[in-house]
Every structure is written in C-alpha cells, then in structure tokens.
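Please work from the sequences and hints to get the whole structure.
There are 4 protein chains.
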Amino acid sequence: MARKIRMGMVGGGRGAFIGGVHRIAAAIDGEIDLVCGAFSSTPEKSKASGEDLMLDPARCYADFKEMIQKEKRRKDKIDAISIVTPNHMHFAPAKMALENGFHVICDKPVTFTLSEAKKLKDIVEKTGLTFALTHNYTGYPMVKQARAMIKAGAIGNIRKVVVEYPQGWLSFPEEQKGTNKQAEWRTDPKRSGIAGAVGDIGTHAENLAEYITGLQITEVCADVSRVVEGRLLDDDANVLLHFDNGARGVLMCSQISNGEQNGLNIRVFGELGSLHWHQETPQYLKHKSIDGQRIFEPGVGELYPAAQVSSRIPFGHPEGYLEAFANIYKNFARTVRKRMNGETPSEFDLDFPTIDDGIRGMQFVETVIASGKSSSKWVKFKG
Amino acid sequence: MARKIRMGMVGGGRGAFIGGVHRIAAAIDGEIDLVCGAFSSTPEKSKASGEDLMLDPARCYADFKEMIQKEKRRKDKIDAISIVTPNHMHFAPAKMALENGFHVICDKPVTFTLSEAKKLKDIVEKTGLTFALTHNYTGYPMVKQARAMIKAGAIGNIRKVVVEYPQGWLSFPEEQKGTNKQAEWRTDPKRSGIAGAVGDIGTHAENLAEYITGLQITEVCADVSRVVEGRLLDDDANVLLHFDNGARGVLMCSQISNGEQNGLNIRVFGELGSLHWHQETPQYLKHKSIDGQRIFEPGVGELYPAAQVSSRIPFGHPEGYLEAFANIYKNFARTVRKRMNGETPSEFDLDFPTIDDGIRGMQFVETVIASGKSSSKWVKFKG
Amino acid sequence: MARKIRMGMVGGGRGAFIGGVHRIAAAIDGEIDLVCGAFSSTPEKSKASGEDLMLDPARCYADFKEMIQKEKRRKDKIDAISIVTPNHMHFAPAKMALENGFHVICDKPVTFTLSEAKKLKDIVEKTGLTFALTHNYTGYPMVKQARAMIKAGAIGNIRKVVVEYPQGWLSFPEEQKGTNKQAEWRTDPKRSGIAGAVGDIGTHAENLAEYITGLQITEVCADVSRVVEGRLLDDDANVLLHFDNGARGVLMCSQISNGEQNGLNIRVFGELGSLHWHQETPQYLKHKSIDGQRIFEPGVGELYPAAQVSSRIPFGHPEGYLEAFANIYKNFARTVRKRMNGETPSEFDLDFPTIDDGIRGMQFVETVIASGKSSSKWVKFKG
Amino acid sequence: MARKIRMGMVGGGRGAFIGGVHRIAAAIDGEIDLVCGAFSSTPEKSKASGEDLMLDPARCYADFKEMIQKEKRRKDKIDAISIVTPNHMHFAPAKMALENGFHVICDKPVTFTLSEAKKLKDIVEKTGLTFALTHNYTGYPMVKQARAMIKAGAIGNIRKVVVEYPQGWLSFPEEQKGTNKQAEWRTDPKRSGIAGAVGDIGTHAENLAEYITGLQITEVCADVSRVVEGRLLDDDANVLLHFDNGARGVLMCSQISNGEQNGLNIRVFGELGSLHWHQETPQYLKHKSIDGQRIFEPGVGELYPAAQVSSRIPFGHPEGYLEAFANIYKNFARTVRKRMNGETPSEFDLDFPTIDDGIRGMQFVETVIASGKSSSKWVKFKG
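Chains A, B, C and D, in that order, give the protein sequences. Per our numbering: the first sequence = residues 1 to 383. Per our numbering: the second sequence = residues 1 to 383. Per our numbering: the third sequence = residues 1 to 383. Per our numbering: the fourth sequence = residues 1 to 383.
Keep in mind that the hints are not guaranteed to be accurate.
Pairs count within a copy or across copies, as identical chains cannot be separated in the list.
[What the hints assert, rightly or not] For lysine to aspartate or glutamate, the following DMTMM-like pairs were computed, each having C-alpha atoms within a straight-line distance of at most 25 Å: (1) Lys126 to Glu99; (2) Lys151 to Asp291; (3) Lys177 to Glu302; (4) Lys177 to Asp291; (5) Lys75 to Asp33; (6) Lys75 to Asp63; (7) Lys4 to Asp76.
Honestly, the hints are just simulated from the structure, not real lab data.
Structure representation (structure tokens):
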C-alpha cells in the first residue's frame, strides 16, 4: 500500500521566510510527512523551531549532519530531505544527503557557484537519486498551459521574449538596519555568492523563460547596477538576450523597483500570436493575436493535460503561489514514491526542475555578472 | 507541549469535490492531522477512499456512527470531526459527534432545515464544544480588512450593499445527464432542501455581506427562478434587501450565469466612500471615494491585525481560495487546542463562522424562498 | 455637392456642462457647423457665451424663439437645432423648431412628462422631420457589437440582464451648497420632473439594456430611495425587471454610490454565453462562456458592420465618451443631409435614438417611481 | 474679438490614416477652422479629397506650393498649416510655410534626417513663428499628471525607466502585399528614412520618457532587428538606456509583437515610489509604493493644473487618443492666436512639443541605429 514520503528539513527555523513556504507546499497534497529537521544554526534554536512545528523533539536535530546520521539508522527513517538554507549552505547537505541515500529537494539557486553545481550533478547521477530544485513559478497551471501551447505551435516560431521580475523591497538599505535577516543574507556576497537580484530573482526569470519557450539563451548583454548606496551586490539588472532559435529578448530583474512586489511577468511573441502571463494574477493566461484576445484559466475550456493536472479545484476559485510551489513537491513526492516502489514516473510526475535547471541558473548568474563588467556588447552564455 | 489536532472526516470520498478542499485546508498550516474517516455511503468505497489518502486502513470506517463509537475508545482518539456530506446529512453526524465529546467543523449550509439548525444550536450550547461552519469566503485576508475598515468608520455610515454570486455551471441540465453527482444532489430537494442556488451560494453572499458590514438583513423582496427546464430547485434569484440600519441593497445569486465561475462580489457604499472586493482576484480590496481610488493588498502598507494574521506569505505572492478556507480550519484548530488546554482563545482564534451564522443562513433560505412565492413586496427576515 | 449641416443650439451657455459635450460631439466628424445659438436664460449671458465660442455676434440670440424666427428668414439659415437645456425646457423649443421646419437633436430625458413626450411624437410624425435623442451610450462601438452579436444568436436566448449606473457625485447635499448649478437642477422637481437618479441615469440604463438585447421591460419592482437628507428627488434605486421574453433582470441606478463615477455597466446572460460591457473602459466587450473568455475590441478581428463604422481610428488607440456621443451626431447629420437631398438614409445612418426611445424612457420613469411607492410587488410597464 | 485659427493641410488625402486624426484633433475644441488643403500627390486626388471634406473647391490645391502662394494673397488667408505627409515630405512644406509667414504644426518624426531637423530649427528661430510637433501621447492628462508629480518630487530621485511601444501590425510582410499604403511607406527607406519601428514609434517612447521624467538619455546600447524576411527597415528594437542623472532604463519598440496594438507603456521608478501608465487605458495613472497603490484619474481628487486643463469632461467619462491629440492642437491654436494678438501664451498654452523635441527624436533615431550596428556596448547620444 502507498504511504506518505517522510521528509526532514534543513534550515527554515524561527525568523526564516522560505522554510515555512516549503512546509506548506509539502503539506498541501497530503503526500509528504515532515517528520524531522535541523532548522537553525544553533541546536537550541533548531529544537525550539521544531517544537513550534509540533514535531517529535527527538527528531529535532542540532545540524544536518546529525540529522542524516541519526535518521539513517531509524527504522522509520526519512526518505528525503528539503534544503531551505541560504545559498552557501546548499551544497554540503545536498551532497551528504545524496551520498547517504536520501532524495533531495532544494531551494534555488542550486549552489553557491557554478562549479559546485556541476559537482552536485555528478553526485546526483552517480547515486541515481531524485533531485528537485524549487523554481516554483514553473508550478503554476497557466505556465504549464503556455508551455504546452508553444510546443504545439499555437503562436508559431518564437521571435521575441520579454521576461521581468521587478521587486521593490530593497529600495532602501534594509540590510544596514540590523532588523531584516532576509535582506542581510541576500545582499551578502559570503552567503549569496557573486550576485544579488540576478541570483535571487533573475534566475527565476531565466528559468521561466526557458521552461515556457523551450529555447535556450545563447548570449547576453547586461547592464547590472548597485543602486542603493553601500550595497555589496547588484540590485537591478537590464539584460538583452539572444536565443538559440534566433529570437531576441529582454530580461529585467530588480529589487529597487519601488512599489513592485513580485511582478514576475513574461510575454512571448511568436509569428502567429503571443502569450502573456503575470505571477500576481497567475490564473490568467492571455493569448493575443490579430484575431483578438482570449483568456485561458484553470478549468475553463480545453486545456493541455499538464495544466489540468496542476489544479486542485474547479474554475473561479483562485489557487496561488503556495499551490504552484506544492506542485513541485507533489511531483517530487510521486517520483520518489514510484522510484522507491520500482515503478516508472509519468511525464507529469517528472515535471519539476532538476539539477540541470540548477546548472543553467548558475551559468546565467556567472554570464550576466561577467557581461555587466564587460565593455563588449555580447557575452556568450557559458557552457 | 502543543500537539496537532487529530481529526476524522465524514464524507468526501472518491468523486466528491468539497471533501478534498477541506483536507487541503486542514493540512496547510500543519496544525491538524487527518487520521480517520467515514468517507462514503458504502463501507467499501469508504475504505478505498481512505486508502487513496494513505490513512491507516483500521481507521477507515464504514459510516460515521462506527467512526464515532470506535474512535471514542481509542487512546489516540480524534479531537474533532469534519462534516463534508450533502446538506441532508449534516445534522445527524454533527449531533452524534457533539454528544460524544467531539468538536465539529461542518460544511454549509449548516443543516437541511432551519428547525434542525436551531436544535443543533441547543446541542452546541449544552455540550460547550466548538462548532465551526465553513463559510470559507470570510477567510480571505482582504475580507477581514474590509470588515475592520468598516468597523473603524473608514467609509462612514453604510447606505447601500450590492452582493452577488454568479455561477454558470448549471446553465444546462447537468443533473439530467447522469454523469455529474455534484449537479444531481445540488438540484435535488431531498438532499439540498428547499433551495438550490439560494441555499448553495445565496447563503455565501448573505454571510459575506453581514460579516463585512456588521449589519443584518431585516426584510427581502425576492424574484426566484428556475430557468433550466425540468430543474426542481431555483437556479437564479434577484433579491432586494433592507438592512437594520436603514441601508438598502441587492443580492443576486445564480447558477445559470453562463460564463461566470465563482464571481462572488461585494460592494459596500458608505457616506464617505466605498469598498469593492471580488473573490476571483481576492488579493485586491478597492477603496474608492471622491478623493480617488486606493488598492489594499495583503502585506502592503498598514492593514488591520485581522487581515495581517490571515496571510502566510509576503506581498505579491497570491494566496487563494484554499488559504482562505485554511484560515477557518486554522482558527478552529487553535480554538479547540486552547480550550482543550484550558486556555482562552484570542479574538483572532475565534474569527470563524459559528452555529449562529448557520442559523442566519437557514433563515435567509427560508425567507427568500417564501418571498419568491409571495405577491407581497417585502417579507420580513424570520427571527 | 455635399455641405455641412448648419446647426443652432438652445442652452449650453457659460457654466453648463452638457452643452460643451454636444458641441464637441457635433464638431468631431466635420459634418456639422455650429453657426448660432440661444445659449442662456438671459440675452446678455447668451451673447457672452456665443462670443466664447467665437460665433458671429449677430447669430447669438436672446432666446430660442428669436433664434427660430430670425434664422428662418436667413438665406444661410440653420438646418437643425440642438436642445441641451434642463428637462423642463425641452418640449417648447423642440415643438417650435419642428413646426418651423428644423430638424431636432435633443438631450435626454426627452421631456418633462410622459404626456409631453407623446405630444412631441405626434409633432415629429406630422412634420416628417428628423428627431434624435442623445442616449449617447448606445453610440459606443462595442455596444453596437454586443447588440449585433445578440441579434445573431451568439449567446442564445437571453435569460438574465444586469444593468447598473452607479454615480457618487451626489453623496453629499451638493444642491444645498449654492455653488453647484448642475446639482441644483438635477434635484429640483420643477426642472427635472418626478425623478432624480431614475430620470437622469436610470433611463440611460434602461435604454442601453433594451438597445443591446432587443427586449422590452414589461414589469418592474422598485426600491426607490432618497438617501441624502433634505433631497427632494430620489438618489438611489434598485429595480427588479421582467422582460417580454421571460428573462429576469436587475437595474440599479445611484447618485450616492460614493467613489463611483459613471459606472454604467451591463451584463447579458444567454443560454450559450454572456456579454459584459463597462462604460469606463468602453473599448472592451467580454464574451464569456463555458469555453472561456474572449475580449472584443474596436478594429480587432471580425466585428459586425455596425461596430466597424462607429470607430474612427485603428485598434489600440482608445476612443471614448465624446466619440460615442459624436456617433449620434454623425448619424443624425447624415440622415438629415440625405433626407434634405431626397436620398434614403442607410441602416447605419439611422442608428440613433428617436422619439420612441424618448417615450420608453418617460414610461420607465413613471413606472419605476410608481413602483417605488407601491406595496404591490410588480408594476406593469405603462403602455 | 477672438476668432478661430484658419488652417490648411498638406497631405491626408483619401486612403491616408493620420490626416483624418489631425482633422478631428483640430476640430474638437472649436478653435481651428480647416479651410483649405493640398491633400494628395496628384491635383485630382487632392480636389476629390477636399470635396469629401466639404471644403470650398477653390481652396483645394494641387500641391503645397500652390496652396502657400495662393493663400498668401487671400484676405481671409490661413494662419497656419498642418503637415501630415510621410517623413520625407515634411521639410520642404514646413520650410516654405514658415518662410511665407505661416505657423506650422507637423507630424513626427520632424524630418527625414537629423541635418534637416537642425536646418528647420534655424528657420523657426529666424522667423519667430510657432512650430508644433505632434508627439500626441504627451497630450494625455495623466501623462501631464505624471510629469507634474515627478517634478514635485512625488517619487523622489528617478532610478529606472522602462518604456515600451509594442505593436503587432507588421508581424507579416504587409508591405509586400500591394494593398497597404501605410505599411509600404513605413518600411520604405526612401520615405521613412534610416529607421522603421525605431523612427515611427521608438521616437514616441523616447519623447514620452523624456517628457515625463524631465531627464535626457545620454547613451544607448541597442539590439535592432529586421524580423520579417525581406523587410528593408528595422521592425523591432530593444535598447538599454543611461540617463543624465545616472538612472538606467530599457526602451523597447516593436512592430512584430503579434497581438499588441498600441501598447505604449511607461514605468518610472524613483527612490520613493513609482508611476505606471499605459496608453490603451490612458485614464489611469498608478502610483505605487511601499504604502500601497493609488490610482489617479482625470477629475478625481487633487490633480496638478497641467492635468486639469487637459480634460474636457467630468470623471468617469473616458477621453482617449483623439482628445490627447486635440490637446496639442488646442495649445498650438491658443499660442498662435495669442502671439498674433500680441499676447503672451501661458505655460499651459505652450505645453506642446516643439522643434527641439523633433531634434531629440532625430538624434535618438540616428544613435539607436548606429548602436544597433556597433559592437561597442554603449553609444553616446548625439548632440
């Protein structure tokens, strides 16, 4: 008989943001039990965080090493771990988990450097375990509909892609106020790596564009800025794009677009029409052409199967960010369960970002940052 | 130490719709464990449904009576039951659960008749247990913001309320096709009671209007129709309203508004301004006045505490229907837990619909249906 | 060779609002020359107003009688007059103009009473001249598209109509401040007649609903209010409607919907789908059904001819209220010109409201006001 | 006493598009009389076009030279000419008109080359006559409100500007079909100059950005494309921008964005907030910041005078493209009239684009086209 996937979490203790999102996403579909964790940098805080979550105190560990070692020996041991720490703390727990037989689902960007990402890929391949990366925006049903429509030729050959992720939350020097942990690590090269906005949200934009279009960026021309005085990493970037089919594009990401929230937005223009999607009203996918405008919504009319299986409720009842995020966890859980049972996951089960998306993301970061410093117009996307 | 609330479910087996919604709503915040259920009308189907949910087969019961009796004797017995059956099956399990010491959370409308609702109120009061009714739309953060703004006088004395719930899913005789269980029971007087659209969604509109404004409807003038030929219950109603402060209003509910999904919409006009909210884009609350239009959103600017505590994620990441529904479950769980621990629930914990809302709803149904048949202009709201 | 229609204006002097709108509407298409006027209640003010408009001082008359008498004797005399005075001043100049051989275009509501309207119809018929009524909202291209779609069966048999015209400009007792002429006459029974909001904007809603659907209202049940203390005429009404094909509906009009501007909005639900149009973004017509939502816009895709001929510029360049108003003037001018030349106007030339629309409007006013005072539920629409 | 400005038109005959727009724009406010023209390239077509417009046949001239020479000798001669020919035909009539004492209002881009534009500036300065350029989008009231807000510091120091003008009408090779005159000359280097989309609509985007922000672009990095096979001029461009205050930006213009109409859109991000405006719903100006979102509309709340004087009708009745265009004509007419009368035009009268805007536009065209061909990252804006 089927059973829920048992999961442990690394990071996500008191005061963290993204850990709570992962927990809800894992809980929504009732396919995963969060049973243990190493939630914080100190054993005490980790225990207290686990207590908040009403977990068994014996399974609230001091750190990920203890968690992996002790869980490994339990009869009811976990199947998978979820990594929700800052970027510089992804690689070590991911590596150890995989090498000890645990499947891994990890926040993005996948690692601190491109070189770490490549090493991780070797480990994933060697162990044969499942590795999922939470580029959560690809979990939205209408994103999947867009992708399926493009694949089916609904807008013809793609000519132009405009993707942007404006935020405004770092319009002021939040990281210098001493009260915003999130702002502190996001702007700290030691924890975030070489990029700020480009790494945190530029990668989401890049991933979304490549997921929806099926194209790959081949070269970029980037104008990368640190707008807020004293900030150590970029907080705004405007990037011209060239794609492998000859299409052109623009990618913008910003943390200083005051008044914007999470305005991830994509427009794909093909020969025959265009598709428009905005993360803040994710239930609508606009299809425009010379013949007019049609709006696609979950549950309405004929949708492609990949979109259909990503909704939980009938039309007109909006699902949101957490449900999109949950689609990554649901597909991860189903893939892990089937693989543990010797079954073959379906194409829908496998519809989640992998280590390859992680490597693309790190390549994007390194290429854009390099272009930002270059006086050459175009910089090739690193292979 | 705190522990999760253990819950059993009545109804919601294979092929049902609302049961799945309740399960997700209960799971989201990690405060409730669904541990058992009597999911269907036959023991076999009930077991199979429990298996789908990966529950302990020993706790997948043949019917609610067996569930209540057997759970009562377990050491790890449930604390509460969730009732998600059609309307005519609410009263019996609710009564038995309460009388056996279990808290109850129940789908709406609360019972089959007003008289049942009143009996249930007596039982709730006698047992002193917690009873929640899932008028889920009041769980949206911006609904709570609207309510708090009105209470604080932001739009002054209320003059007019326009509330509507148009759906289009019964534009055709779905119930006569033999393939739509939902359509069948919703249009069947034996399972739904005296009202169709009025009972199913008119009550949501009524509850929302009274929740947001703090007013009570005192009399109605209703035009109630059965539009689709052969249908046994109303599928459209237009209702003029009078409120206890002298305000006027209009309530519309419809299942034959072809092209509409779940267009629950409310506009409240006060002396000083107005508030506008639409369920399909629930993250926006518009405040309009002679000075212009301002849009309130979760996490942006200064919101009232009741709105703040109802969001889980920062601005710009939309939460939806399931999270609003989960707010009812979360508050129910917290109230139950505190009461079990001898603590006093906060005003925020207690922010969920109760048996009194259930009685208002049944009064609304009976009054509107009576008005629809009456040639008198105004019919008093039944006390 | 064709020449422009020469027109005189009655009313619309300094401080008036709607006169200026008529002048722009008449000017836009270059088919009408405004050459004279009797703009105000005093000769001096009338002259001064004409001077503001850079008209020949010799043709700025003291009152409409002088204008009609003197123009009649000129070689280059006017062809038509435009009446833009308050309601109680429509009948006399219209009668005199027609009886002296001038075509008439008149602001709505057509007259002060239903009985006047019927007399005017007799005069129009007797003289055989052209009479147009400026129910300007039917001039919008997408309104015409909606009408044509319904006529062609795009949404099947009509089941429900929701039409509303909320305004907020009389939320406070503007008419008691002594500074708002518009508010004064609109709320003065001596100048506006028996109705306030119902007459001023309720008639627009009624006209729009009947124009788009091709149906006629047969009976109403109205809740008519005077919300602002001391006001002499209604400022809010909610009305249940029955139509001649059995369809039901709701009509709302309000001047105390604080925060609303000119929110004229109509939704028509048919068996097969629905149409949605909002005056404040008039370039969009939404067609919704079970298959999804399509948005019609001027110039995009295949539109019906009546919509096509009502736009002046290519898609994506919004036309607005003045252009819709101008469509009434343009069609009036073309009809007048063709009739003067002995030609037959086309169906598109004749697409403007006539004295019959005026009579329907006055019937609507009298019926709704009567229903508001009645304790009977339904009041038949007066014949 | 004041009189209307008498105007002649060059271009805009049968089959042309923009001429009709200019005529409506000139007519709307009743301040200008179109009395003559040289509408087409052949005398016959010019006459016929004038007849369509119901003008005096004696004043329908064979070409602009005849018009200027003959009008000059009339007692009731024109005051000004309007030039609405393709780009390569702007300079000659503008020069001759100015040198013969006529004021000029001219479609954009001002001339065929930057060098012509500079010569024209000399002539304007030498003659002391009024020259207006119809960058019509700056005529929208909410554009003027945005400009005034920025000037007053409402969003603080500007950090980022995103301006775009996507169209889709040239998604297919329209110019090769032999039926689309507009497409033919717009894509013909002999009539449009060195740029296609960049000249036609890129200049609108540039002008709008500089008008609203008060900043100047200092250098660009452009990716300029010819997407449709066989096309002779660019039909898409993505441009990175640097402004004189250090702000960064992106400008996109496109004629192959299939499904787009005239999606001119600007977002200006300042330290304290941002402003968002979209040409297709021009009545809304969104002001967003950390405190929330407010929507400005004509006639609502407190607006800056420049916005107030640009609306003709009360709030909620949308004005559109033609009224914005008319604001240019109205201000031009008032300036001309005052100057003819020896009066001083007000700052509002003078609020129209001039020869200086024309020169900026030609500089923009030359710089962007040069950058598109350059392998250097940044190209300085030509002085």
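Results for each hint:
no.: 1; hint: Lys126 to Glu99; verdict: within (9 Å within a copy, 59 Å between copies)
no.: 2; hint: Lys151 to Asp291; verdict: both (21 Å within a copy, 21 Å between copies)
no.: 3; hint: Lys177 to Glu302; verdict: between (51 Å within a copy, 20 Å between copies)
no.: 4; hint: Lys177 to Asp291; verdict: between (53 Å within a copy, 19 Å between copies)
no.: 5; hint: Lys75 to Asp33; verdict: both (15 Å within a copy, 22 Å between copies)
no.: 6; hint: Lys75 to Asp63; verdict: within (20 Å within a copy, 34 Å between copies)
no.: 7; hint: Lys4 to Asp76; verdict: both (12 Å within a copy, 20 Å between copies)
When each numbered hint is compared with the structure, no violation occurs for any of them.
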